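The task is simple: from the sequences and hints, build the whole structure.
Residue numbers (our numbering), protein chains in the order written: chain A, 12 to 546; chain B, 5 to 88.
Please note that the accuracy of each hint is not assured.
Examples of chain B residues toward chain A, derived with CB under 8 Å [to be verified]: (1) Leu-28; (2) Met-32; (3) Ile-33; (4) Ile-34; (5) Tyr-36; (6) Met-40; (7) Ser-46; (8) Ala-47; (9) Val-84.
None of these hints come from the bench; they were simulated from the model.
Since we're looking at a predicted model, the values are computed, not measured.
Note that the Cβ used here is the ideal one computed from N, Cα and C, for glycine as well.
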Amino acid sequence: MLLLFATASTFGVCGPAYSAQSDSQIRQAESSTIVFFVVFAMLTLLISFWAARRATNSSEYLTAGSSISSGQNGLAIAGDYMSAGAFLGLSGAIYASGLDGMFLAASYLASWPIVLFLVAEPLRRLGKYSFADVLTHKLRERPIRILAGASTLVIVSFYLVAQMVGAGELISLLFGIGYGPSVIMVGLLMIVFSTLGGMRAATWVQIIKAILMIGGSVMIAALVLARFGFNVSDLLKTAATNHPNGNKIMDIRGFAQDAVATLSLGVGILFGTAGLPHILMRFFTVSDERAARVSVFYATCLIGLFFAILFVIGYGSIAILRGDATYASASGALFGGNNLAPIHLARAVGGSILAGFISAVAFATILAVVSGLLIAGASSAANDLVVGLSGRQLDERMRLRISRIAAMALGVLGILLGLACEGQNVAYLLALATAIAASANFPLLLLAIYWDGLTTRGAVVGGTFGLISSVVLTAMGPTIWSKVLGLGPAIFPYDSPALFTVPLTLFVCWLVSIATAEAEKDWRLTQPSVGQYVE
Amino acid sequence: MHKATEDVPLRATANRSGALRFQLVLAMIIPYLAMMAFLIHSARHATQTAIVASDFSPAMIALASCMVFSVVLTGLFVFVRHGD
Numbered sequence: 012m013l014l015l016f017a018t019a020s021t022f023g024v025c026g027p028a029y030s031a032q033s034d035s036q037i038r039q040a041e042s043s044t045i046v047f048f049v050v051f052a053m054l055t056l057l058i059s060f061w062a063a064r065r066a067t068n069s070s071e072y073l074t075a076g077s078s079i080s081s082g083q084n085g086l087a088i089a090g091d092y093m094s095a096g097a098f099l100g101l102s103g104a105i106y107a108s109g110l111d112g113m114f115l116a117a118s119y120l121a122s123w124p125i126v127l128f129l130v131a132e133p134l135r136r137l138g139k140y141s142f143a144d145v146l147t148h149k150l151r152e153r154p155i156r157i158l159a160g161a162s163t164l165v166i167v168s169f170y171l172v173a174q175m176v177g178a179g180e181l182i183s184l185l186f187g188i189g190y191g192p193s194v195i196m197v198g199l200l201m202i203v204f205s206t207l208g209g210m211r212a213a214t215w216v217q218i219i220k221a222i223l224m225i226g227g228s229v230m231i232a233a234l235v236l237a238r239f240g241f242n243v244s245d246l247l248k249t250a251a252t253n254h255p256n257g258n259k260i261m262d263i264r265g266f267a268q269d270a271v272a273t274l275s276l277g278v279g280i281l282f283g284t285a286g287l288p289h290i291l292m293r294f295f296t297v298s299d300e301r302a303a304r305v306s307v308f309y310a311t312c313l314i315g316l317f318f319a320i321l322f323v324i325g326y327g328s329i330a331i332l333r334g335d336a337t338y339a340s341a342s343g344a345l346f347g348g349n350n351l352a353p354i355h356l357a358r359a360v361g362g363s364i365l366a367g368f369i370s371a372v373a374f375a376t377i378l379a380v381v382s383g384l385l386i387a388g389a390s391s392a393a394n395d396l397v398v399g400l401s402g403r404q405l406d407e408r409m410r411l412r413i414s415r416i417a418a419m420a421l422g423v424l425g426i427l428l429g430l431a432c433e434g435q436n437v438a439y440l441l442a443l444a445t446a447i448a449a450s451a452n453f454p455l456l457l458l459a460i461y462w463d464g465l466t467t468r469g470a471v472v473g474g475t476f477g478l479i480s481s482v483v484l485t486a487m488g489p490t491i492w493s494k495v496l497g498l499g500p501a502i503f504p505y506d507s508p509a510l511f512t513v514p515l516t517l518f519v520c521w522l523v524s525i526a527t528a529e530a531e532k533d534w535r536l537t538q539p540s541v542g543q544y545v546e
Numbered sequence: 005m006h007k008a009t010e011d012v013p014l015r016a017t018a019n020r021s022g023a024l025r026f027q028l029v030l031a032m033i034i035p036y037l038a039m040m041a042f043l044i045h046s047a048r049h050a051t052q053t054a055i056v057a058s059d060f061s062p063a064m065i066a067l068a069s070c071m072v073f074s075v076v077l078t079g080l081f082v083f084v085r086h087g088d
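Below is the structure:
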C-alpha cells in the first residue's frame with residue numbers, strides 16, 4: 012500500500028540533485044536498472060496475457076474466481092503494503108529523522124488485527140465484488156450502492172493521483188527520463204495490465220513482487236549488518252554519531268510535537284485500512300472465511316518482517332550514507348532526495364546490480380499497486396455505481412464489459428491527473444484517502460455488521476457526512492489550506508481529521524437510524540440480520 | 005450474494021461473538037495508544053545520554069513490542085478460530 016505520509020512529502024524534493032553523481036556512476040546504475048526494468052515489464056505483461064485468457068467472466072476478472080489460496084492472498088496483501096511508498100518512504104523518513112518512520116510502520120501493522128477481528132470474515136461471507144454487498148444485505152440497495160460507489164471512486168482517485176505523481180517522479184529519477192513520459196509510460200502499462208489481466212494478474216504480480224522485495228531487502232539488511240560485524244549496537248551507535256540530531260534519532264521527533272495530531276493520524280490509520288476498497292477486495296479473492304483470516308495472519312507476519320528489515324535499512328543508510336560524498340551532500344541530504352536512501356544503500360553495500368534490481372522492484376511495486384486500485388475502482392463502478400444508478404442488475408457479460416471500460420477510464424483519468432499534479436505534494440491526497448476510508452466506509456461496515464438498528468437512511472446520511480466532513484476538514488487542514496493553497500493559517504489544525512470524523516460519523520448513523528427506525532420498520536423486518544453471519 | 009427472506013427479529017446488540025471481537029479490538033487499541041503515549045512522553049523527556057549504553061532505546065523497544073503484539077494477537081485469533 013502506497014499510503015505512507017512520509018513518502019509523499021519527500022517525493023516532492025526529488026530533483027536534479029541526482030545528477031550530482033559522477034556520469035559513470037549514473038550510466039552504470041541506469042544500465043543495470045534498465046535491464047531489470049525491461050525484464051520485469053515483460054514478466055508483468057506475460058502474466059497479464061496469461062490471466063487475460065482466463066478472465067472470461069466478471070468473477071474471474073474482478074476476484075480471480077475466488078480461487079486464490081490463503082498463502083497467496085497473504086503474500087498479495089503483504090505486497091500491497093510493501094509498496095514503493097513503504098520501502099522508499101519509510102527508509103527515507105528514518106534516514107531524515109530517525110524513529111518517526113517506524114511509528115508509521117507500527118501503526119499500519121496494528122491496523123491488521125482490527126481488519127481481521129471486525130471485517131475480514133463477514134466480508135468474505137457476505138460479499139462478492141465490493142464492500143457494498145455487505146451493506147445491501149439488509150439495507151436498501153440503490154442508495155447504498157450509489158454512496159459506496161461514490162466513496163470508493165473518490166478514495167481510489169485520490170490514491171491513484173498520489174501513485175501517479177509519486178511514480179512519475181520516481182521513474183524519471185531512476186531512468187533519467189522526463190516526468191511526463193514517466194507518467195504516461197506507467198499509466199499505459201497499468202491500463203494494459205489491469206484491463207487484460209484483472210485481479211489474477213494483479214495478485215500474481217503482487218506475490219512475485221513481495222517475494223522479490225523481501226529477498227532484496229533481506230540482502231541489503233544482511234550486507235549492512237555484515238559491515239558492522241552483525242552487531243546492531245555498533246550500527247545504531249554509528250548512526251547516532253553520523254546524524255546531526257545524535258541520540259534523538261532513537262526517539263520519535265515530529266510525532267511528539269502535537270499529541271492530538273498524532274492521535275488523529277493513528278485513528279485514521281487504525282480504522283482506515285478496514286475501509287480501503289483495494290484492501291477489502293482482497294478478501295473476495297479467497298474461497299471462504301477461513302482462508303480470509305489465515306491470509307491476514309500470513310500478511311501480518313510478512314508485513315512485520317518487512318518493517319523490521321526497513322528498520323535496519325533506515326538506520327543503516329544513516330550509518331553508511333551520511334557523510335559519504337558519493338551519496339549525500341555536506342548537509343546530509345541524499346542526492347535525488349531522501350526517498351532514494353535504500354537505492355543508494357543497495358549500491359553502497361551491493362554495487363550497481365543490487366541497486367538496479369531494487370529500483371526495478373520498486374517500479375514493479377508501483378505497477379502492482381496501481382493495478383489493484385484500478386480493479387477495485389472498476390469493480391465498484393460496475394457493481395455499485397452502475398447498478399445503483401440504473402436500478403437493475405447487470406448480466407455477466409455486461410458487468411465484465413463495464414468493469415474493463417471503467418478500469419480503462421480510471422487509468423486514463425490517473426494519467427491526466429498525474430500530469431496535471433506534477434510537483435504537487437501528494438501527502439494530502441494520501442491522508443485524504445485514508446481519512447475518507449476511516450470516516451465514510453469503516454463506520455458503515457462496522458454498523459452494518461454489528462448493529463441491527465442501522466437503517467438505510469442512517470447509513471446514507473452518516474456515510475455522506477463522513478465522506479464530506481473528511482474531505483472538507485482535510486482541505487481546511489495545515490497541508491492543503493496553508494501549504495498547498497497558501498490561504499494563511501489553517502482553519503482546522505490537524506492534517507488527519509479521523510479522530511473527529513470517525514466518531515461523528517458513527518454518531519450521525521446512530522442518530523438518524525434511531526429517528527428513522529419506525530419509518531423503515533416494515534422493510535427491515537423482512538431483511539436478515541448481518542450479525543447472524545458473524546461467528 | 006444471497007438474501008434471506010425469513011423474518012428475523014431486530015436486535016440492538018451484536019451477538020456474543022461480536023462482543024468478543026470488540027474486546028479483541030480493544031485489546032489491540034489500548035496497547036497501541038499506550039505505546040503512542042510512551043513514545044510521545046519519552047521523546048519529550050529524552051536525555052541525550054539515555055541510550056548510548058544499550059542497543060535499543062526504550063522507544064524502539066516499545067514500538068517493537070507493539071508490532072510483535074499485533075502479530076501475536078492475529079496469530080492467536082486465527083489459531084483459536086481453527087479450533088472451533
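Here is what the structure says about each hint:
1. Leu-28: holds (5 Å)
2. Met-32: For Met-32 (chain B), the interface hint holds, since the closest Cβ of chain A sits about 5 Å away, which is under 8 Å.
3. Ile-33: Interface hint status for Ile-33 (chain B): holds (7 Å vs cutoff 8 Å).
4. Ile-34: Violated, because the Cβ-Cβ distance from Ile-34 (chain B) to chain A comes to roughly 11 Å (cut-off 8 Å).
5. Tyr-36: Status holds, d = 5 Å.
6. Met-40: holds (6 Å)
7. Ser-46: Given a least distance of 6 Å, the restraint on Ser-46 (chain B) holds.
8. Ala-47: holds (3 Å)
9. Val-84: With Cβ-Cβ at 11 Å, over 8 Å, it is violated.
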